[in-house]
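Model the placement of chain B on the given structure of chain A, informed by the hints.
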Amino acid sequence: MHDQAVEAVKFIDLTWMNVSFLFIVGFIGGLVSGFIGSGGAFVLTPGMMSLGVPAAVAVASNMCHKFPKALVGAYKRYKYGQVDLKLGLVMAVSASVGVQIGIKIQEYILNHWGEAGSNLYVSVSFVVVLVVVGGYVFYDAWKITKSGAEDQISALALKLQKINLPPMIHFKTADLTISLWFTIPVGLLTGLLAATIAVGGFVGVPGMIYVVGATGLISSASELVIAFVMGLGGSVKWAIHGMVDIRLTLIILAGSLLGVQLGAIGTTLVKEHMIKVVMGTIMLIVALSRALAMPRYLTQLGFMSTDASTLTLLDTVSFVTMCLALAVGAVIILGSMLKAKRAEYAATIGAETYEHV
Amino acid sequence: MSAKTDNSRKKLVIQTMLLGAITAVLYAAVFSHASTVVELFARGGYYAVFPIATVFVFSFAHGAFASNLWSALGIEAVTKQAVKRPAVSAPRPTKRERPRLRMSV
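Top to bottom, those sequences are chains A and B. Each residue of the first sequence is one higher than the one before, counting from 1 in our numbering. Each residue of the second sequence is one higher than the one before, counting from 1 in our numbering.
If we strip away everything but chain A, and leave its shape as in the complex, we get (with noise of 0.2 Å):
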């Protein structure tokens, strides 16, 4: 089996134009992932393949890099009291059993409805959930951002928190108690969605923040700690098909440690909302790309018919668009920072200027 794997795997030639492409989105999506806890594989793993990777490989390859990555974005953030480990971990526990059922459903569309269909598949779980998910995280961050108030748990979660169905789990971090089952469903979908789009975050994250009741510094920090755990299964298992290109590892994990360590630092600088500002605004962004891409795969099932160069050029702005994805949250990420330092910089003159009167 191994050796059907590497015949069939081709690695192919570095340029510095390459390089130079891994390295800078593997730091953007390193920035990305620290500061909201999951991003950068969407751009990731078709921009590899765009260059001429096979998809096998660019997928292992990826995922080889995420976990390590998230491992140091995890201690990082351990380290500024913002990760709480026990959350992480249980819901890692029920999201390796969603990454299962997701390769189920998978497998069952591919032998069903092909190739095509398996792509449409993973298109419309793109749009559907990106849209609703992306557009209530971003209605409640327009809501904090508009009103200037605090973030405030969820109606949701409170009830739930109330509900005393044992086993009971005390979150000390995230300071708070709920029942084991009704962690189970969000770590489900985050293992789900890990598996069809390859971002689980962006059902975990909001899951953490809206069902359970964590903070959304809280649930961006664990979120870590469960790509950590999901990244090291997956990594193991394409390591054994031998489907790692070890250099385009080694290459985005150089942009990205630096770009998830930065992430890190400025969730300790920025407006708590922010995280919720950046996942909300890449989402529906990421939704936009996925919708542009769906003809080609309607059309090849017969259900639309559109000419080839439409299709091409749908593609590339569809590319295009998930790359803008990034880039945007980037902006926002680094614009906030350097503001919270503008501002912490005109508090330390202040108090100089206070002192010396």
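Everything labelled a hint here was simulated from the structure, so no lab data went into it. For every residue, glycine included, the Cβ atom is placed at its ideal position computed from N, Cα and C. Errors might be hidden in some of the hints.
Some chain B residues judged to face chain A by a derived CB distance under 10 Å, without partners named [to be verified]:
# : residue
1 : Lys11
2 : Ile22
3 : Glu39
4 : Gly45
5 : Tyr46
6 : Leu69
7 : Trp70
8 : Ile75
9 : Glu76
Using the frame of chain A, we list chain B on its own:
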């Protein structure tokens, strides 16, 4: 106080340079033998331990370097407690006795 800060800053810069050198050596070791490494790491089976162990080693070395680099550049985390406010002295308790109601009959 200032000398102490200068010393710790110098120490940080030296540490960053050292970790940067270790990271560079690790990257050079892999990329100077890229074709052999890629072929070995893609054999699958028990050879899976190589890519997994490699990314762990790189994440420790490069992760520590990246952390020190941001600190050396002055980009560091702040906590709410760390933001220093001008110390305003608390109002002194009044020495004057509280007025008491006295009634002379």
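Hint-by-hint comparison with the structure:
1. Lys11: B:Lys11 check fails; min Cβ-Cβ to chain A is 19 Å, beyond 10 Å.
2. Ile22: Hint on B:Ile22: violated, closest Cβ of chain A at ~14 Å, above 10 Å.
3. Glu39: 8 Å, holds
4. Gly45: 5 Å, holds
5. Tyr46: 9 Å, holds
6. Leu69: B:Leu69 check passes; min Cβ-Cβ to chain A is 7 Å, inside 10 Å.
7. Trp70: 6 Å, holds
8. Ile75: Holds. Min distance 6 Å.
9. Glu76: 7 Å, holds
In terms of the numbered hints stated before, the structure departs from hints 1 and 2, listed from lowest to highest.
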